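A.B. asks: On the provided structure of chain A, position chain B as indicated by the hints.
Protein chains in written order, with this note's numbering: chain A, 1 to 115; chain B, 1 to 116.
Derived from the structure by calculation, the hints contain no laboratory data.
Here the structure is a predicted model, which is why all the values come from computation and not from measurement.
A hint or two may mislead.
Simulated restraints on C-beta separations [to be verified]: (1) B/17 <-> A/7: 25 to 33 Å; (2) B/79 <-> A/62: 40 to 48 Å; (3) B/65 <-> A/72: 34 to 42 Å.
Capping the alpha-carbon separation at 20 Å, the derived lysine to any residue pairs in SDA-like fashion look like this [said to hold, decoys possible]: (4) B/57 <-> A/49; (5) B/57 <-> A/3; (6) B/53 <-> A/100; (7) A/58 <-> B/103; (8) B/70 <-> B/56; (9) A/49 <-> B/104; (10) B/11 <-> A/42; (11) A/49 <-> B/103; (12) A/58 <-> B/104; (13) B/11 <-> A/40.
In this text, a Cβ means the ideal position worked out from N, Cα and C, and glycines have one as well.
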Amino acid sequence: AQSVTQLDSQVPVFEEAPVELRCNYSSSVSVYLFWYVQYPNQGLQLLLKYLSGSTLVKGINGFEAEFNKSQTSFHLRKPSVHISDTAEYFCAVSEASGNTGKLIFGQGTTLQVKP
Amino acid sequence: DAGITQSPRHKVTETGTPVTLRCHQTENHRYMYWYRQDPGHGLRLIHYSYGVKDTDKGEVSDGYSVSRSKTEDFLLTLESATSSQTSVYFCAISRDRGPNGNQPQHFGDGTRLSIL
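In isolation and in its complexed conformation, chain A is listed as follows:
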């Protein structure tokens, strides 16, 4: 079974500052990793995904994440945030060999960008 831990429930940051949202996972098998963003009163939108290949993954809106197998981490980063990045961010994993695509989500991190 897999599990996901997002280490910070809230991350306050000033506009134009860099940000890192941390995600660690636990699994006995190979996994795929995802970051989703949820704006208020909306569904989840895929930011980026790691399936294989390069461990540095670039996504939409200037976000990127690095897969670190030895540390079982998949931290999300952005070099300069905007007010519009204020949202809740979810890290998720799925079993790489499985064919159901079931996702296990972390608890979520609320990013609060201040002017």
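C.D. replies: Frame of chain A; chain B shown alone:
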């Protein structure tokens, strides 16, 4: 945006009543999922479907049932609603597994369900 419509978007009902939520997709995707979102828990899988009439349980399936009689529709039923089922419910869809692995899920806008 992926063509996913959840209905109703909001519902208030009383304990003990049956409730059915509908997810409708226009993408012809094979997989459909129902999640619930609660503060501090992220999203948790209730049930999922891997084809017409093919469904399976997720991690929080007690008190819920599902049906999929057509590719485009996935229904979630609370047989006898309880206050603990007050939550925001999300439907998601994904394509069949491709050569590069599982396809990402695309989410609807959610149904906010309150059970008094």
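A.B. asks: Does residue 49 of chain A pair with residue 103 of chain B here, judged by a C-alpha cut-off of 20 Å?
C.D. replies: Within the cut-off at roughly 10 Å; holds.
A.B. asks: Given the hint that residue 70 of chain B pairs with residue 56 of chain B, does the C-alpha gap stay at or below 20 Å?
C.D. replies: 16 Å, holds
A.B. asks: Against the 20 Å threshold, does the CA-CA distance of residue 58 of chain A and residue 103 of chain B hold or violate the hint?
C.D. replies: Judged against 20 Å, a Cα distance of about 17 Å means the pair holds.
A.B. asks: Can you confirm whether the C-alpha distance between residue 58 of chain A and residue 104 of chain B stays at or below 20 Å?
C.D. replies: 15 Å, holds
A.B. asks: Does the structure keep residue 57 of chain B and residue 3 of chain A at a Cα separation of 20 Å or less?
C.D. replies: 17 Å, holds
A.B. asks: Has the given pair, residue 53 of chain B with residue 100 of chain A, been kept, meaning a C-alpha gap of at most 20 Å?
C.D. replies: Since the Cα atoms of residue 53 of chain B and residue 100 of chain A sit roughly 15 Å apart, the hinted pair holds (cutoff 20 Å).
A.B. asks: Would the pair residue 11 of chain B and residue 42 of chain A pass a check requiring their Cα atoms to be no farther apart than 20 Å?
C.D. replies: 16 Å, holds
A.B. asks: So the hint says 34 to 42 Å: do the beta-carbon atoms of residue 65 of chain B and residue 72 of chain A match that?
C.D. replies: 35 Å, holds
A.B. asks: Assess, step by step, whether the Cα of residue 49 of chain A is no farther than 20 Å from the Cα of residue 104 of chain B, and give holds or violated.
C.D. replies: 8 Å, holds
A.B. asks: If you draw a straight line from the CA of residue 57 of chain B to the CA of residue 49 of chain A, is it 20 Å or shorter?
C.D. replies: 25 Å, violated
A.B. asks: At the C-beta level, are residue 17 of chain B and residue 7 of chain A separated by a distance inside 25 to 33 Å?
C.D. replies: 40 Å, violated
A.B. asks: Is it true that the C-beta distance of residue 79 of chain B to residue 62 of chain A lies inside 40 to 48 Å, as the hint says?
C.D. replies: 46 Å, holds
When held up to the earlier numbered hints, the structure conflicts with 1 and 4 and fits the remainder.
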